[in-house]
Amino acid sequence: MIVDCALYRDGKRTEHAGHWRDLRAEAVRGGGFVWIGMHEPGPEEIREVAEVFGLHPLAVEDAVQAHQRPKLERYEDTVFLVLKTLWYVDAEDAVETGEIAMFVGDDFVVTVRHGQGNELHTARVELESSRKVLSHGPGGVLYAVIDRVVDEYLDVVDELEVDVDEIEESVFSTERTNDSTRIYVLKRELAEVRRAVLPLREPVSRLASGTVPSVPDDATPFFRDVADHLARAAETVDSLDSLLSTAFDAHLAQISVQQNDDMRKISAGAAIIVVPTLIAGIYGMNFDHMPELGWSYGYPFALLLMAAVAGGLWAWFKKSGWL
Amino acid sequence: MIVDCALYRDGKRTEHAGHWRDLRAEAVRGGGFVWIGMHEPGPEEIREVAEVFGLHPLAVEDAVQAHQRPKLERYEDTVFLVLKTLWYVDAEDAVETGEIAMFVGDDFVVTVRHGQGNELHTARVELESSRKVLSHGPGGVLYAVIDRVVDEYLDVVDELEVDVDEIEESVFSTERTNDSTRIYVLKRELAEVRRAVLPLREPVSRLASGTVPSVPDDATPFFRDVADHLARAAETVDSLDSLLSTAFDAHLAQISVQQNDDMRKISAGAAIIVVPTLIAGIYGMNFDHMPELGWSYGYPFALLLMAAVAGGLWAWFKKSGWL
Amino acid sequence: MIVDCALYRDGKRTEHAGHWRDLRAEAVRGGGFVWIGMHEPGPEEIREVAEVFGLHPLAVEDAVQAHQRPKLERYEDTVFLVLKTLWYVDAEDAVETGEIAMFVGDDFVVTVRHGQGNELHTARVELESSRKVLSHGPGGVLYAVIDRVVDEYLDVVDELEVDVDEIEESVFSTERTNDSTRIYVLKRELAEVRRAVLPLREPVSRLASGTVPSVPDDATPFFRDVADHLARAAETVDSLDSLLSTAFDAHLAQISVQQNDDMRKISAGAAIIVVPTLIAGIYGMNFDHMPELGWSYGYPFALLLMAAVAGGLWAWFKKSGWL
Amino acid sequence: MIVDCALYRDGKRTEHAGHWRDLRAEAVRGGGFVWIGMHEPGPEEIREVAEVFGLHPLAVEDAVQAHQRPKLERYEDTVFLVLKTLWYVDAEDAVETGEIAMFVGDDFVVTVRHGQGNELHTARVELESSRKVLSHGPGGVLYAVIDRVVDEYLDVVDELEVDVDEIEESVFSTERTNDSTRIYVLKRELAEVRRAVLPLREPVSRLASGTVPSVPDDATPFFRDVADHLARAAETVDSLDSLLSTAFDAHLAQISVQQNDDMRKISAGAAIIVVPTLIAGIYGMNFDHMPELGWSYGYPFALLLMAAVAGGLWAWFKKSGWL
Amino acid sequence: MIVDCALYRDGKRTEHAGHWRDLRAEAVRGGGFVWIGMHEPGPEEIREVAEVFGLHPLAVEDAVQAHQRPKLERYEDTVFLVLKTLWYVDAEDAVETGEIAMFVGDDFVVTVRHGQGNELHTARVELESSRKVLSHGPGGVLYAVIDRVVDEYLDVVDELEVDVDEIEESVFSTERTNDSTRIYVLKRELAEVRRAVLPLREPVSRLASGTVPSVPDDATPFFRDVADHLARAAETVDSLDSLLSTAFDAHLAQISVQQNDDMRKISAGAAIIVVPTLIAGIYGMNFDHMPELGWSYGYPFALLLMAAVAGGLWAWFKKSGWL
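Residue numbers (the working numbering), protein chains in the order written: chain A, 1 to 323; chain B, 1 to 323; chain C, 1 to 323; chain D, 1 to 323; chain E, 1 to 323.
Just to be clear, a hint being listed does not mean it is correct.
The list treats identical chains as one, so a pair stands whether inside a single copy or across any two.
Claimed, not checked - Straight-line alpha carbon distances no greater than 16 Å define the calculated EDC-like cross-link-like pairs of lysine to aspartate or glutamate that follow: (1) K71 with E235; (2) K71 with D225; (3) K12 with E202; (4) K265 with E76; (5) K319 with E76; (6) K132 with D238.
If you're looking for bench data, these hints aren't it; they were derived computationally from the structure.
Turn these sequences into a full structure, and let the hints steer you where they fit.
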């Protein structure tokens, strides 16, 4: 589905409305460039676009199929870029992924988006309000899209940082929590983020080095800025991942310590019952001569003795930290 | 055994049938190239082929012996490629491996296949239906074979992804499962896949860089595509492997937690028996003056007391999560 | 807020006082350079400065927002450097972080500091007292600031080394300590330090290689010295981190050993109670012919027997290290 | 001790017998080259050889002392190579190591062997039967020796693979085995192999690149073949090592699971004894009115009750998998 | 303190005695070079030397302060090298560290040593006896010192290898040893060694490449030899470190296995006491009709029964490996 389509000239959106073919013709004739935004296009739609703009079949296949690795390919005059998009779904504490494929030529940009999140509409609106970026032409669009996607990476990473903080608190709380499942899930999500971020670094650093056509030289500082954001995202992910590993180890230690505490608690409890049992056993012996048996208060004495021993043990274990 | 043999000219299979020597002579005379497909050839067969096409003895030895590492070697005019093939056997949840060795010259391709899986027949059929790829000559065959093999890598990796998901579920289920064996087996299979995928990356990237003879320049995008698939396979394998490690750690934590739970359950059970035993011991004492002993309902009272204490403990342990 | 501002000429601070614009004009006219020091400037202040010195908008944005990665960027004539500052808060055994952004041109230096620690005043005073460094111009200021920041890294690392020593002692003491929390916190702080140190190495090595403008050639040994200090900080952090990992493993082993000791202690204690209980049970049997029961000293004999058995067990367990 | 010495000319061993000095003179005069094979030579012997062939003192020292790292050094006209030899001693399931040092000049090869295994006699015999390799001159001898040594690496690695399979079986068997010692020993042996294999890769790849004198260009495919075998050995060793790590983890998990099983078994056994004890305690109470005590069959009834309870518990635990 | 000072000319020590200033003047006038050896010099001493030889202030500061990283710096005509020295103190099984800083110019060498071990006197004596090395001038001294220091690294590593062997034996002995402390200490010492060895590799390889002034070309084989020794030290340290990690894991496994053994021993012991207690309980029941109670030998029979049951259990547990 074609979501939006416009002709940009001299750093602003023109008022031409109409079919994208006409806009394209207009761009070729009078300068400027066309940006066609598609969302999960059908085979017919994409075929038509590919034909008009001369897109390479392999790239088109990749753009349609989704589930690609982030990459930047050059096919003659066209630059083909695949990006993973990420967004954080609060309701499920989960990271969702989508994909954007971009074809960037001298006088056109075609974006193909998969998945629900990261709609490009906001990126387009922001771009249209920034004449400076827009004046860089298709390269400016490239920047605007990558910048927005990478900013969302940073948002997602921030959310995951919060999750890690929560897990940390839970691990070191005195409550008995089974954090291994949450740690596992979070590690899995970090791996997801890493799969989006890491392979994108090489394309962005190529864009920042100014060796990619369609990217004017004075646009490279912008891509260096994006590269820097990507590096920050990657470093934070690595650092969270290693924190989680440490937290997991601490969790294991915690389990062991708790088991030890339990064992001591149980043993103390057992002692408090077993010692009075021994006393009862003693007064259950059948010796002919056992003076206590004949005492009037022998029975209460025995019960008191048991209670005293049990209480003494209790106090002692309490003091030595076993209970 | 020679499985198939044909002369390709102008992007299509010619109708010549006959001995491969005649086809070869025909290719030399009139252009085009011959593709000879062999399956676990005997020493005599391969010797004959090697002689005619001038294959290097070391390469021939490697092709016959199997159990080679994936590699790309150049011997004067001939390119020699070794590939590991992988396929997933559902019945055993296991990954099987085979091997394909290819000799690619200017006017011939010789493929030598070992193992049952990944027959090249389908690759040949597909190739024959794609005039575009076929028109790249021997380089096109090289692409068709590698592409098919790498696609099977991705299939195998997908299957292993499913296996990892199953293990994950099993680890985090409340059932008592001994997952370490399965995790071990899966890690072993991932290592197998890695052994096929990783060493192939360097040859494919050389093919994609256009520095290998027999690969025309306009074929490099195809090899870049394959390189990309390989990278995806490698990344997924790494990511699965590290997930499995995390899952294994979680499994260890689970075992510890279960042991702790068991210990508490056992202790609670013991307390429920031991406390009534103490009561029985008390009423088994031989004091002369124990009023309860003379009560008409002393015995039922004692039994009730035991039952009440046991029940009370049971309820208490239940409430505090020990039972 | 502009904290300090001065014009430096011929290796010393001039006596000009007045608005920074005047100083700048003076520097342009008569040689020398201006150093403007700002602390968490407002948007208006920074905008004004940026305008006068022609600072790149992206750099200004980074300088204002803080939370950047350490980096060195060149924007035409201006060098832009971001540094993380670290200081150790004794009261909390914690590492705090701040940030310094520097713009270095031919005739000016603008420093923008965030956070409480590492005020640059001392760096400025030291610099002013060293004519030699100051005579290197803006590059000398660059060196003075980086040198001071990196020296503080080394101080922080020294403090962390002390913390690791304490943890080590605690882990291997015979006391029952739960060190996993402290180890975790310390690992987190090491990660913080690493995040400041590692990304700074590349900028500093670029400065030391003499390829950055504003850094005169004879200043490179100074930057090589800083690079060396950075390398030392990085190596120490890595080494501490791996020591902590080993210490954590040892802590786990310690927990296991303690659990084992506890279990044996508990079992020995149980045996000391259970064996007398068996004796009491024996003399509680109702056989008609049990000679001991008729003895005058049967009861004391039984009690003594119990005490002797308990004492014997106690001695035996003591000797074999179970108690 | 000089073990063998011969003059090779035109790809075959000449019939000259006599002192090596004469053979050398003959080679200088009439072409060809001399191969002197020494086994743990005395200082006098090696001094003489070094003098005649002009070997560098540092290299000679290394050749005599053994315990060197594998390396390839060039001293003017002479190439000096050190190799570790490995062989597997079945009787002890152990890997033994030796060393070979080679001096390769234009018209001579001197080999110095340490340790018992990998005698070079077979390499020499094989070489003498292969005119093609021999015709490469001293470079051919270099190849023959390295090839044989590396082939033995592969044999050793195969044996270790079998050992790993055995350990794997043992770890996952239901028997209680203490595999940690065996895993440790095997890891140690893998480290030994790695120490022989890894540092040899660089020398062999230099030989394969054709930049070493004494190695004719058309011999490089042979060294590439050796490099490939080395890579295979290194990969297998890495893969075995990481399998062993995983197996060790699984072993730890197994121990935990067994401990858990034991604990449950023990608890079940305890319950089967403790519950009848409670019953005995009840009928040992001294209440005046306990109807069962007066029954004629009270005693057998009580015994039966105990047996029934014990049996019931036994069946229940059996069913729930605790026994 | 200046420890030794001499003028070397034509490969031997001259007989000139006198103040170092005179020797220096003599060297400048008549050729040769001066080697001044200092041990923890005071600020005045070093200042004087620095002035005369024109040493760079930053280098002098590093030489005086000690606690530097190993490094090689060039300051105009002077080469500045920092080395860590290591020695093994048998009495404490500990590795001690010191430091040597060297200034090497065309006609002088200044060595500054910190710490007690590795006195350079022996290096000087050896050097003076080797005319060949000495004839390389200041570069020869550089070699002699580095060679001696690196040889001590190998000695230290050998001692640590012995320590690792001892730990290994202790871990796998059947005795109950708490090896984690020793493993930790040894790992810490390996880290110390690594900190000395690893950063030295780069300087030595630069010296071996012949790109450092003051090192004549024909001296490079000597530095290559040192580089090789360094590589061996580094490899052994890595290998010991990873062996220790494996040993530690095995130690953990051993603890678990021992805990399991203890638990089974304890349970068996408990059973041996608890079953007779049950029997005593049975004969303590108060049924009117219990034939055994009336038997003349009922009491001995009961005792025998208990002993028999206990003995039977003992034998059974013994046989099944629980005791």
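Evaluated hints:
Taking the shortest alpha-carbon separations for K71 and E235, only the inter-copy value of 14 Å comes in at or below 16 Å, while the best intra-copy value is 20 Å. For a Cα distance limit of 16 Å, the shortest separation of K71 from D225 across copies, 11 Å, qualifies, whereas the shortest one inside one copy, 19 Å, does not. In this homomeric assembly, K12 and E202 never come within 16 Å of each other (Cα to Cα): the closest approach is 31 Å inside a single copy and 40 Å across copies. For the homomeric pair K265 and E76, neither the shortest alpha-carbon distance inside one copy (75 Å) nor that between copies (71 Å) is at most 16 Å.
Proximity of K319 and E76 under a CA criterion of 16 Å is satisfied in neither setting, with 81 Å inside one chain copy and 72 Å between copies. Within a single copy, K132 and D238 get their C-alpha atoms no closer than 35 Å, and across copies no closer than 42 Å, so neither meets the 16 Å cut-off.
When held up to the earlier numbered hints, the structure conflicts with 3, 4, 5, 6 and fits the remainder.
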